[in-house]
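Q: Okay, here's what each chain looks like letter by letter:
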Amino acid sequence: MGMLLEIKDLSTHFHTDFGVIKAVDRVDLSIDEGDTLGVVGESGCGKTVLALSIMRLIPTPPGKIVSGNVIFNGVDLLSLDSAEMRKIRGKDISMVFQEPMTSLNPVLRIGDQITEIIKLHLGLGREEAMARAIEMLSLVGMPSPETAIRNYPHQMSGGMRQRVMIAMALCCGPRLMLADEPTTALDVTIQAQILELIGRLKHDIGTSVILITHDLGVIAEAAEHVAVMYTGQVVEYASVENLFATPLHPYTVGLMESIPKIDAPWGRDVHLKVIPGAVPSLDDLPKGCTFQDRCAHTMQICREKEPQLKEYMPKHRVHCWLYEK
Amino acid sequence: MTMVLVDIQGIKKYYSARAELLAKEQVSVKAVDGVSLQVYSGETLGLVGESGCGKSTLARLIMRLDLPTAGRIFFEGENIFKLSGKDLKGYRRKVQIIFQDPYASLNPRRTAGSTIGEPLLINQMYDREGRALEVARIMDVVGLTKEQKGRYPHEFSGGQRQRIGIARAIILKPQLIVADEPVSALDVSIQAQILNLLKDLQKEFNLTYIFISHDLSVVRHVSDRIAVMHFGRIVELAENRELYEHPLHPYTVELLSAVPAPDPGRKKERVIREREVTGATNGQGKCPFHPRCPVRVEVCEKDEPELTDRGGGHFVACHGDA
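Chains as they are written, first to last, in the numbering used here: chain A, 1 to 325; chain B, 1001 to 1322.
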């Protein structure tokens, strides 16, 4: 399988009254064709800004992609002008947003919203586009799609709206789909259905997926490779099996220990392990490693010099001095 | 642990709504539809269910923020809906709530100290100096520093704001705390800190919790007993371990199988079925779960199952023998 997307040294900064916020800071990542890359991290770690940077949807100003390349299918997306980018956005690369409640237009029927993209990118006429919309809706498991196309978003439940979003994202046969917290606003049983749907469609259509989430359970369930982000940087990258079997970065280890497990031994006095403190503010990051104040293994060098994301185990990269001999 | 603190008897809350914008007929949405439940002193009762199952409405009824359509709730033997004046104020002192959203539930124009100390002011407890001391003490208990009392909510992180909400709730030394999704707006690493804090406080102050959450892993971690709600009713109620190891109601089984396990080696078989889109207005005289139930029998369409004891305090509302 070839490489579909390669992100090299990508930095996206926001210029604010309080100084420069490095929301995405020198990120290197790649995704193969047909692969699912999970991006996991807590709020403010830069995972959404990373996705918006790939889509070239960063509001400028205040935001700006200050360095790097995003090479998709051999073309650097950052070098395209906006007309060229519009041809790719929604067609070759599409995006599913977190909130199915707010990302559909409330005054347009579902069918019109889906056919808009099809007409624009594939140049089909109204009737053909409508037929394709119905086909896509039945693909994502919408009961009676012929009726659904005449509905407005408010007539649907959250899970159904998210299916519409996925149908819209897939209707032009994209090579890559970015899904930003696609199940966070949904109930667990609906979440399970949507994850299953994304997995099945990926298998059938061969689309690569970048799945952004804060939920390690979702990652374990749906991703093949995982990037853990912290303060705008990728701090660990591995296959999902390796990441869960041998997490290397102290932050990843801490995250895994701090989630309550449904099959963990239970008792009144059982406490969860915690990562002390909170994520530092992005406008006031310490020198050296940004995790130093919350880490149990902080050494002198962590306070002085920033570690590099390096491969310390086969295909397992980590951004930490602990593994430097 | 066997003293009943809260005794909920057949509580119902119906809201009226119109099915269509201009429809003449009124339909009632049965947010809570006949819940009976005892909460024991000193325990944590977990209440789980998906959005719209009525768990927050039940919380509001227990807090007496809403009046029921039918049914009664007794707190230490007194019907809370009959309380008024001084007695009601006394009840509000004994029962406190922690809200889900630490961003929306704090007054942005009040300092942390003023929010935490307000319950003391309302109840005319201590003098000015005594209140300041008490606020400082409680802030220390919940992991804030007394230097932070002059700060405003926007100066705090999400986890710290939730600590303010908790401090405000415990300052009157209540007996019962209703925690309505207290950690679902927080990041994982902060969530663990708050869950540990709640456990410590329970031990220190001998608190009773009603812990509401949609997250089955979180509920598992904190609860002694767990009630599963579906369409305004309790469909299963059991001790923590019993519920997770031997779930009896098909809906509980479905919920448990839907939780993604943080373990890629164990992608499990799911038992999720497509749901029919039925509102909470339906389900008259039949089991509301029956359209997507794998163990349904004929009687499910004619008769609504009662919550019955299957032995050892494990209650289930199901006609099937699952």
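Misleading hints may appear alongside valid ones.
To be verified - Lysine-lysine pairs mimicking BS3-like chemistry, simulated, CA-CA at most 30 Å apart:
1. A/LYS310 with A/LYS325
2. A/LYS273 with B/LYS1089
3. A/LYS202 with A/LYS261
4. B/LYS1082 with B/LYS1149
5. A/LYS315 with A/LYS325
6. A/LYS87 with A/LYS119
7. A/LYS261 with B/LYS1203
8. A/LYS325 with A/LYS64
9. B/LYS1286 with A/LYS119
10. B/LYS1012 with A/LYS273
11. B/LYS1146 with A/LYS64
12. A/LYS8 with A/LYS315
13. A/LYS273 with B/LYS1286
14. A/LYS64 with A/LYS22
15. A/LYS305 with A/LYS8
16. B/LYS1286 with B/LYS1094
17. B/LYS1173 with B/LYS1089
18. A/LYS22 with A/LYS287
19. A/LYS261 with B/LYS1199
20. B/LYS1199 with A/LYS287
21. A/LYS305 with A/LYS315
22. A/LYS315 with A/LYS202
23. B/LYS1203 with B/LYS1089
Unchecked claim - Just a sample of chain A residues kept apart from chain B, beta carbon distances all over 10 Å, derived:
24. ASP187
25. ILE219
26. HIS271
Stated by the list, open to error - Non-contacting residues of chain A with respect to chain B, defined by C-beta distances greater than 12 Å in every case (computed):
27. GLY34
28. PRO62
29. ALA83
30. ARG86
31. MET130
32. LEU243
33. ASP269
34. LYS273
35. ILE301
36. LEU322
If you are wondering where the hints come from, they were derived from the structure by calculation, not from laboratory data.
Built from N, CA and C at the ideal position, the CB exists for glycine as well.
Q: Are the hints correct? Go through all of them and say.
A: Hint check:
1. A/LYS310 with A/LYS325: 12 Å, holds
2. A/LYS273 with B/LYS1089: Violated, at about 39 Å.
3. A/LYS202 with A/LYS261: Since the Cα atoms of A/LYS202 and A/LYS261 sit roughly 28 Å apart, the hinted pair holds (cutoff 30 Å).
4. B/LYS1082 with B/LYS1149: 37 Å, violated
5. A/LYS315 with A/LYS325: Roughly 18 Å between the alpha carbons, so the hint for A/LYS315 and A/LYS325 holds.
6. A/LYS87 with A/LYS119: Since the Cα atoms of A/LYS87 and A/LYS119 sit roughly 12 Å apart, the hinted pair holds (cutoff 30 Å).
7. A/LYS261 with B/LYS1203: Status holds; Cα separation ~22 Å.
8. A/LYS325 with A/LYS64: Answer violated: A/LYS325 to A/LYS64 is near 37 Å, above 30 Å.
9. B/LYS1286 with A/LYS119: The hint is violated at about 47 Å.
10. B/LYS1012 with A/LYS273: 40 Å, violated
11. B/LYS1146 with A/LYS64: 40 Å, violated
12. A/LYS8 with A/LYS315: 17 Å, holds
13. A/LYS273 with B/LYS1286: 45 Å, violated
14. A/LYS64 with A/LYS22: 10 Å, holds
15. A/LYS305 with A/LYS8: 22 Å, holds
16. B/LYS1286 with B/LYS1094: It is violated: about 38 Å lies between the C-alpha atoms, which goes past 30 Å.
17. B/LYS1173 with B/LYS1089: Holds, because 14 Å separates the two Cα atoms, which is no more than 30 Å.
18. A/LYS22 with A/LYS287: Within the cut-off at roughly 14 Å; holds.
19. A/LYS261 with B/LYS1199: 16 Å, holds
20. B/LYS1199 with A/LYS287: Since the Cα atoms of B/LYS1199 and A/LYS287 sit roughly 36 Å apart, the hinted pair is violated (cutoff 30 Å).
21. A/LYS305 with A/LYS315: The hint holds at about 24 Å.
22. A/LYS315 with A/LYS202: 23 Å, holds
23. B/LYS1203 with B/LYS1089: Holds, at roughly 26 Å.
24. ASP187: 4 Å, violated
25. ILE219: 8 Å, violated
26. HIS271: Non-interface label on A/HIS271 violated, nearest chain B Cβ at 5 Å vs cutoff 10 Å.
27. GLY34: 18 Å, holds
28. PRO62: 19 Å, holds
29. ALA83: 39 Å, holds
30. ARG86: Given a closest Cβ separation of 35 Å, the condition holds.
31. MET130: Given a closest Cβ separation of 23 Å, the condition holds.
32. LEU243: 8 Å, violated
33. ASP269: For A/ASP269, whose nearest Cβ neighbour in chain B is about 8 Å away, the distance does not exceed 12 Å, so it is violated.
34. LYS273: Non-interface label fails for A/LYS273: nearest chain B Cβ at 7 Å, not farther than 12 Å.
35. ILE301: 24 Å, holds
36. LEU322: Correct as stated: the minimum Cβ-Cβ distance to chain B is 19 Å, above 12 Å.
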